Each structure stands twice: as structure tokens, then as C-alpha cells.
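Participant: Sequence:
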Amino acid sequence: RRQVTMNGIITSHDITRAILHAVLNRDVEPEVHLYWKRKRSWPESHNTRRKQFALLRSTCKLWKDIVDGFTDWLTDDDLLLAVRCSKVDSVRFLLTSGGLDPSVQDNEPIRMACRNGSIEIVRLLLIDPRVDPSTKHNKAFSWAAIDGRHEVVRLLLADPRVDPSTKDNEALREAATKGHHEVVRLLLADSRVDPSTKDNEAFRWAATKGQDEVVRLLLADSRVDPSTKDNEAFRWAALKGHHEVIRLLLADPRVDLSTKDNVAVRWAASEGHHEVIQLLLADSHGSIQGHHEVIRLLLADSRVDPSAADNEALREAAANGHHVVVRLLLVDCRVDPSVDDQYAIRHATDSNTA
Numbered sequence: 092r093r094q095v096t097m098n099g100i101i102t103s104h105d106i107t108r109a110i111l112h113a114v115l116n117r118d119v120e121p122e123v124h125l126y127w128k129r130k131r132s133w134p135e136s137h138n139t140r141r142k143q144f145a146l147l148r149s150t151c152k153l154w155k156d157i158v159d160g161f162t163d164w165l166t167d168d169d170l171l172l173a174v175r176c177s178k179v180d181s182v183r184f185l186l187t188s189g190g191l192d193p194s195v196q197d198n199e200p201i202r203m204a205c206r207n208g209s210i211e212i213v214r215l216l217l218i219d220p221r222v223d224p225s226t227k228h229n230k231a232f233s234w235a236a237i238d239g240r241h242e243v244v245r246l247l248l249a250d251p252r253v254d255p256s257t258k259d260n261e262a263l264r265e266a267a268t269k270g271h272h273e274v275v276r277l278l279l280a281d282s283r284v285d286p287s288t289k290d291n292e293a294f295r296w297a298a299t300k301g302q303d304e305v306v307r308l309l310l311a312d313s314r315v316d317p318s319t320k321d322n323e324a325f326r327w328a329a330l331k332g333h334h335e336v337i338r339l340l341l342a343d344p345r346v347d348l349s350t351k352d353n354v355a356v357r358w359a360a361s362e363g364h365h366e367v368i369q370l371l372l373a374d375s376h377g378s379i380q381g382h383h384e385v386i387r388l389l390l391a392d393s394r395v396d397p398s399a400a401d402n403e404a405l406r407e408a409a410a411n412g413h414h415v416v417v418r419l420l421l422v423d424c425r426v427d428p429s430v431d432d433q434y435a436i437r438h439a440t441d442s443n444t445a
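In the working numbering, the protein residues as written are 92 to 445.
Be careful, since some hints might not be right.
Using 25 Å as the maximum straight-line C-alpha spacing, the simulated DSS-like pairs for lysine-lysine come out as follows [claimed, not checked]:
#1 K227 with K258
#2 K258 with K289
#3 K258 with K331
#4 K331 with K289
#5 K320 with K331
#6 K289 with K351
#7 K351 with K331
#8 K269 with K289
Across the chosen pairs, the derived CB separations fall in these ranges [as the list claims (entries may be wrong)]:
#9 D219 with E304: 14 to 24 Å
#10 K351 with D180: 57 to 67 Å
#11 R283 with R183: 26 to 36 Å
#12 D316 with A280: 13 to 23 Å
#13 D219 with R283: 57 to 67 Å
#14 S282 with R418: 49 to 59 Å
#15 P344 with K178: 17 to 27 Å
#16 E273 with R252: 15 to 25 Å
#17 R283 with S188: 31 to 41 Å
#18 H414 with K289: 41 to 51 Å
#19 D312 with G190: 18 to 28 Å
#20 S313 with A391: 36 to 46 Å
#21 A342 with A399: 39 to 49 Å
Treat the hints as calculated values from the structure; they're not laboratory data.
All of these numbers come straight from a predicted model, not from anything done at the bench.
For each residue, glycine too, the CB sits at the ideal point set by N, CA and C.
Throw the hints in and build the complete structure from the sequences for me.
Facilitator: In C-alpha cells:
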């Protein structure tokens with residue numbers, strides 16, 4: 092037997108090992124059968140052994156080194172539990188102990204780690220050649236994107252087995268809807284991803300949900316058409332009162348604010364979204380296209396103030412030569428054409444529209 096001297100006391104390494112093994116297996120069933128798919132719990136005896144294992148490892152380095160060799164009792168469910176609880180050190184130990192399968196249940200561990208955003212655990216799992224992150228239609232990637240785990244998304248995009256466009260670009264569509272702009276930015280940079288799928292669903296839902304940063308990113312992509320489905324994005328953003336989204340859409344010449352008989356204007360007015368109404372009233376682009384009916388609708392609503400922001404609506408209309416709009420605004424007694432040192436008349440003269 093090998094002898095170890097510690098602090099002048101002679102101890103037997105083999106005896107210590109035997110004692111620790113007995114302690115570890117005290118009150119534990121001789122065989123453990125776990126069924127992760129059927130339930131999310133384990134026999135109490137196995138839980139007891141886990142606790143005893145952790146306690147023995149934490150006592151001293153000698154005991155830890157000895158106990159780390161007791162791996163015959165470990166199961167794939169221990170690995171699943173460690174991943175689910177984001178225990179990086181435990182996962183690292185279990186992966187190196189041998190005998191456990193990190194691809195168990197069609198690669199459930201990596202899907203779980205991606206959903207939790209456990210970037211270090213994802214790295215550890217990807218190193219193992221048995222792990223395939225693309226199983227179940229790239230669900231690991233989809234979950235990471237949907238939950239906004241942008242660092243995990245970045246890591247998975249570097250793996251050639253992962254297809255970010257799976258299920259009609261589900262990852263982008265869901266991330267856009269939830270406002271995960273960092274994920275959207277990463278996906279738009281990947282040539283495999285098409286943001287226009289399903290009639291520009293990613294854009295339409297981002298606008299409807301008021302995800303202005305995502306809307307800004309998508310508008311910068313030439314493949315995206317903000318006017319799809321009769322300007323649905325604009326109409327729903329107006330209904331919901333998402334004024335920042337409306338501001339972005341009004342700056343795009345493809346968007347028609349008068350679509351469907353000016354329903355966006357009527358919806359915004361009926362819901363009392365004053366910021367949206369003022370944006371529409373001051374929109375010179377809409378006036379250029381001859382949307383005089385929009386102005387009439389807005390002015391007919393008592394909640395609309397055409398003189399807001401120092402008579403911006405009049406100033407913009409005059410500067411851009413929209414004489415019909417100017418005439419409509421001047422009829423309203425609240426509008427002051429002399430504001431800002433006669434700005435309207437000066438700029439109308441400068442643009443030869445007086």
C-alpha cells in the first residue's frame with residue numbers, strides 16, 4: 092500500500108479512499124435509473140449522493156482528488172442538471188470525467204445552454220465533437236436569438252453547421268419582434284439571412300411592437316420594403332402610437348401615409364396619439380405627394396394643434412411650396428404666419444413660391 096505523510100501522521104491513501112467511497116454511497120440505492128424525458132426530478136438517494144459528493148470535494152484538496160475519481164455513479168442526467176443550472180465548473184468536470192454523453196437526447200445540453208445564455212458552457216460543449224448545435228432544425232440557435240442572447244448567437248454563427256435562416260428566417264423574425272437589436276444586427280450581417288421573408292414579417296412586427304432601433308436597422312437594408320401589405324407597418328405603428336417608428340417611416344419615400352383612405356391618420360386620431368398626429372401634420376413629404384385630405388382630417392380633430400412646435404406645419408409647408416396646405420392652415424385661427432420673424436413668408440420667397 093502507498094503511504095502518505097501529512098503533518099507527521101501516517102495515513103493510508105487506500106483506506107482513505109475506501110472510507111470516502113463508503114461515505115459517498117451511504118443510504119444510496121445500488122442502481123439508479125433516471126428518465127429525464129419523463130420527469131424533471133431524480134430519486135432522493137441520487138440527490139443525496141450529489142450533495143455528499145459536493146461536500147467531500149470541498150473539504151480538502153486530498154479528498155477532492157480522491158473523490159473526483161469516483162465517476163462510475165454519474166449519469167447523463169447529472170450533466171443535464173449542471174447545464175440547466177449554468178454550473179460552468181461542474182459541466183467542465185463532467186465533460187472531462189468520461190463516460191457521459193454531451194449529445195444526450197438529440198443534443199439537449201447545448202439547446203439548454205443556448206437558451207440560458209451560458210456562453211462558457213456553450214463553448215465547452217462545442218469543443219466536443221459529439222455535440223451538434225444544428226439538431227432539431229437549429230433550435231439551439233433559434234432559442235438563443237429569440238431570447239436575445241447575442242453573444243451566444245455570435246458564437247454559433249461561427250459554426251458552419253448552424254443555419255441562421257432555418258424555418259424561413261425564424262430567428263430574425265422573432266428577434267425583431269422582441270426588439271433584440273444586437274441579435275438583428277448580427278443576423279443582417281450574415282448573407283444567409285433574408286429579412287424580407289414572409290412579406291417582410293420581421294419589419295412589420297418590429298414596427299407594430301414599437302421596436303424603433305430594430306426598425307432603423309431593417310430600413311437600412313435594401314431588401315426590406317416598409318410599404319409591404321398596403322403599408323401595414325405604418326398603419327399599425329400609428330394605431331399603437333409608436334411615434335419614433337412613425338418618424339422613421341415618414342422619412343422613407345416608399346411609405347404612403349394615405350393608404351387605405353387615410354386609415355393611419357384616423358386611427359391615430361381616434362386613439363388620441365397626439366405625438367403621432369403632430370408628426371403627420373408636420374410631414375412635408377406627405378404634402379409633396381398631395382395628401383391634402385390628411386391635413387383636412389387632422390385639422391377637423393379638436394385635439395390637433397396646427398400651431399405646435401412654433402407653427403412647424405406652416406413653416407414646412409411654406410418652405411416646400413405646398414400652397415394648398417398653407418391655405419388650409421391659414422384658415423385655422425391658431426396658426427400664426429408671423430412666428431419666428433416671418434419665417435414662413437421669408438422661406439416661401441426664397442423658394443420662389445410666394
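Participant: Work down the list of hints and note, for each, if the structure agrees.
Facilitator: Hints, one by one, checked against the model:
With a C-alpha separation of about 11 Å, the suggested pairing of K227 with K258 holds against the 25 Å cut-off. This hinted pair checks out: K258 and K289 have alpha carbons roughly 11 Å apart, not beyond 25 Å. As the CA atoms of K258 and K331 are separated by approximately 29 Å, the hinted pair breaks the 25 Å bound. Under the criterion of a C-alpha separation no larger than 25 Å, the hint pairing K331 with K289 is consistent with the structure, at around 22 Å.
The hinted pair formed by K320 and K331 meets the criterion: a straight-line CA distance of about 18 Å does not exceed 25 Å. With a C-alpha separation of about 21 Å, the suggested pairing of K289 with K351 holds against the 25 Å cut-off. Between K351 and K331 the CA atoms are separated by roughly 17 Å; this keeps the pair inside 25 Å, and the hint holds. A distance of roughly 17 Å separates the Cα atoms of K269 and K289; the hinted pair therefore holds under the 25 Å criterion.
In this structure the hint that D219 and E304 lie 14 to 24 Å apart at CB is violated, the actual value being about 36 Å. For K351 paired with D180, a C-beta distance near 59 Å keeps the hint of 57 to 67 Å intact. Roughly 32 Å separates the CB atoms of R283 and R183, a value that falls within the hinted 26 to 36 Å. Checked against the given bound of 13 to 23 Å, the beta carbons of D316 and A280, roughly 20 Å apart, stay inside it.
One distance hint, 57 to 67 Å for the beta-carbon pair D219 and R283, is violated here, with the actual separation near 25 Å. Taking 49 to 59 Å as the suggested C-beta distance range, the pair S282 and R418 conforms, at roughly 51 Å. For the hinted restraint 17 to 27 Å between P344 and K178, the CB-CB distance of approximately 54 Å leaves it violated. Taking the beta carbon of each, E273 and R252 are about 23 Å apart, inside 15 to 25 Å as hinted.
The supplied range of 31 to 41 Å is met by R283 and S188, whose beta-carbon atoms lie about 37 Å from each other. Under the hint 41 to 51 Å, the C-beta atoms of H414 and K289, about 43 Å apart, fit the expected range. In this structure, D312 and G190 break the distance hint of 18 to 28 Å, their C-beta atoms being roughly 48 Å apart. The given range of 36 to 46 Å is respected by S313 and A391, whose C-beta atoms sit roughly 38 Å from each other.
Restraint check, A342 to A399: a C-beta distance of roughly 19 Å breaks the suggested window 39 to 49 Å.
The structure fails to meet hints 3, 9, 13, 15, 19, 21 from the earlier list, while all remaining hints are met.
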